[in-house]
Amino acid sequence: MTIGSRIAELRKQKGLSQEALGEALHVTRQSISKWESDSALPEIEKLVSMSHIFGVSVGALLGVEENPAAEGTQPSAAKDELTPAQLKMVEEIVSRYTEALREENERRREEERFRASSAAKKEQEASEVQAEAQAKSRRRKEIGIVAAAGALGVVVSLFSHRLDDLDSSYRGVQNTLVNMQSSVNREINSLANRVESILAEQNALTADYGCEINAVDVKKGTVTFTLYAVPKVYKEGMKVEFVAEYGKSSASAPAGEGENARFSGELTCPLEKDTGPILLSAAFYIDGERKTQPIETYDALYEATLPIMDVHSLNLMWKAAEPGKPFSLSGCQALVRGAGYSVKELPYVGGAPRAEEVRVGIFLNRKIAAWAMPYSGEPVVVGNTSGNATAAVPEMMEGDMLFAFGDEEITLQFGDELTVAAVIIDQYGREFLVADHSLTLLEDANELVWGASTDAVLDPAGYEY
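Just so it is clear: in the sequence shown, position 162 is 162 by the working numbering, and no numbers are missing.
Hints were generated in silico from the structure; no laboratory data involved.
Source: prediction; values computed, not measured.
Each hint should be verified, as a subset may be incorrect.
[Claimed, not checked] Ranges between beta-carbon positions, derived for each pair:
(1) Pro326 with Ala461: 44 to 50 angstroms
(2) Thr226 with Glu443: 56 to 62 angstroms
(3) Asn214 with Met238: 22 to 28 angstroms
(4) Ile3 with Pro254: 48 to 54 angstroms
(5) Ile213 with Tyr285: 42 to 48 angstroms
(6) Glu322 with Thr224: 56 to 62 angstroms
(7) Arg108 with Ala204: 28 to 34 angstroms
(8) Glu296 with Glu45: 37 to 43 angstroms
(9) Ile44 with Tyr465: 19 to 25 angstroms
(10) Ala320 with Leu279: 26 to 32 angstroms
(11) Glu443 with Ile44: 41 to 47 angstroms
(12) Glu45 with Pro323: 54 to 60 angstroms
Heads up, the beta-carbon is just placed ideally off N, CA and C, and yes, glycines get one too.
Whole structure, please, built from the sequences with the hints as guidance.
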């Protein structure tokens, strides 16, 4: 079973969608799709976060050890997660301690080598003395040689056992450090959660609050929220307004007072690709003083309204290429995968966005080199030149689109970057771009290999076409 299939299986066992897992890991749904289809590998910190979410060890996720969750020892993700600052601190401590231990082991090895060298030197001197005494007694010479060989064997044997003992001690210290890190994680996280909970409760202005998206009008470029807030301490004549902050701009709307001191209202904000995160809060006016209580933050909401689309290049990875010589695109294909609807089930005005036009091209250093044509056949994956990997033929699914490049030729140089990307336009005229991982030509390889990660590039501004 591959890493991607393990991620998919564990995600389904947890009842999570690709979108939900992506939100928990702060990555796009497209990244989750690429991990599960083995088109890309997650970073180390994402593997650690997923091990917490799924309740398995990183080793089990990678397939190098058994899954301890099957024996009822599922860890708690909420308590085992460090903040970036805390994790950096622990890693630095472990790194320093490990480096010091390695230096100590190296010092001991040098001492053992010195001792062995000294012993060998002494044995050599003894051999020379025995050689000088050859005239006196051949028997004494033979005994001296045998004794020297035996002593040298003992020294080598002791030295080997000493090295084995040091390696065993080093592995024991490493295991101890891992256990210490896990314990520190739990203690620090538990303490931080308790402090955060206490501070949030002490500073809260509301007894209850909430927010939901009421309407998304892609054509007008707006999103409307419905909000409510119940003050913890109510005073006659209290006024409340809801405020939205995004970038350097803001919007506000007065709240109406209902039963049981429940204030509610609607707030409309712009929904554009440059809007950025939207922070919603309730402002309470009490005796002429203004106090604010955060309610909710919506991030990447514009991107969430775009149709789901992924692009995967076929027959480019490991393809032979030489600098300064024509590189043929013949046989190269691209698979555009996606249901075509928006990633979130939002209350759209006029219907959810869908892909109306899809173009696929190959970009050389982010400049268009050739456009592909729609292909009605089946995906074809040919063997690679190095023979160090086997690519699987993707299975066509509903909504998939296959494209094929012609006989165009391009010229590559060392360090050049090739990227297959899809330019998509939805029914509202919004244009965005989704790119596969880039490939590059390295000086130590005459074939295309993985380059920088450029998947899910939604803004086409950096591409020329």
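Comparing the hints with the structure gives:
1. The hinted range of 44 to 50 angstroms is not satisfied by Pro326 and Ala461, whose Cβ atoms lie roughly 31 angstroms apart.
2. At roughly 58 angstroms, the beta carbons of Thr226 and Glu443 sit within the given window of 56 to 62 angstroms.
3. Separated by about 24 angstroms at the C-beta atoms, Asn214 and Met238 satisfy the suggested range of 22 to 28 angstroms.
4. The given range of 48 to 54 angstroms is respected by Ile3 and Pro254, whose C-beta atoms sit roughly 52 angstroms from each other.
5. One distance hint, 42 to 48 angstroms for the beta-carbon pair Ile213 and Tyr285, is violated here, with the actual separation near 26 angstroms.
6. For the pair Glu322 and Thr224, the supplied restraint of 56 to 62 angstroms holds, since their beta-carbon distance comes to about 57 angstroms.
7. For Arg108 and Ala204, the Cβ-Cβ distance of about 58 angstroms falls outside the hinted range of 28 to 34 angstroms, so the restraint is violated.
8. Range check, Glu296 to Glu45: about 26 angstroms between beta-carbon atoms, so the 37 to 43 angstroms window is missed.
9. Taking 19 to 25 angstroms as the suggested C-beta distance range, the pair Ile44 and Tyr465 does not conform, at roughly 34 angstroms.
10. Distance hint check for Ala320 and Leu279: the Cβ-Cβ separation is about 52 angstroms, which falls outside the suggested range of 26 to 32 angstroms.
11. Separated by about 27 angstroms at the C-beta atoms, Glu443 and Ile44 break the suggested range of 41 to 47 angstroms.
12. Judged by the Cβ atoms, the range 54 to 60 angstroms given for Glu45 and Pro323 is violated: they are separated by roughly 35 angstroms.
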